[in-house]
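Work out the full structure, taking the sequences as your base and the hints as a guide.
Residue numbers (this note's numbering): 1 to 110.
A couple of the hints might just be wrong.
[Stated by the list, open to error] Label pairs and their in silico Cβ distance ranges:
#: 1; residue 1: D2; residue 2: I35; range: 20 to 28 Å
#: 2; residue 1: K49; residue 2: D28; range: 22 to 30 Å
#: 3; residue 1: R32; residue 2: D3; range: 20 to 28 Å
#: 4; residue 1: E84; residue 2: D2; range: 51 to 59 Å
Just so you know, these hints were derived from the structure itself, not from any lab.
Glycine is no exception: its CB is placed at the ideal position from the N, C-alpha and C atoms.
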Amino acid sequence: VDDEKTVIPRNSLVEVNQSGLLMETMIDITPRDPIPTPTVGPLDPDCDKEGLIVCDRQRLKGGQGVSLDTLVGIFIRLGQEMEEIGVSNTYKLAEKVSIAIEEAKPLLAK
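This is how it looks when you write it as structure tokens:
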């Protein structure tokens, strides 16, 4: 953090996401409730003592968010299953679609 005005709560969700046709990688930082009201900024010497925000030279751990590769893989498997099953087994197909949608929900929620 090199700007006093950049305030990132320590309880923020940090994710690496991909979007767009070129699958551009972005880091998304989403503050979570409760949003803190710090009395000092990230460059203040007492920032770390207060413990509410990310201070200068500190790090947050993050995780993988939306991956278009994963989403495409789910739909490729779905298409292959549809091709193998055929029209006569529509009930089984509906079950498989339901499972694929459940797998994709975390990705689609983004």
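Status of the hints after comparison with the structure:
no.: 1; hint: D2 to I35: 20 to 28 Å; in the structure: 22 Å, holds
no.: 2; hint: K49 to D28: 22 to 30 Å; in the structure: 28 Å, holds
no.: 3; hint: R32 to D3: 20 to 28 Å; in the structure: 22 Å, holds
no.: 4; hint: E84 to D2: 51 to 59 Å; in the structure: 55 Å, holds
The structure is consistent with each of the numbered hints, conforming to all of them.
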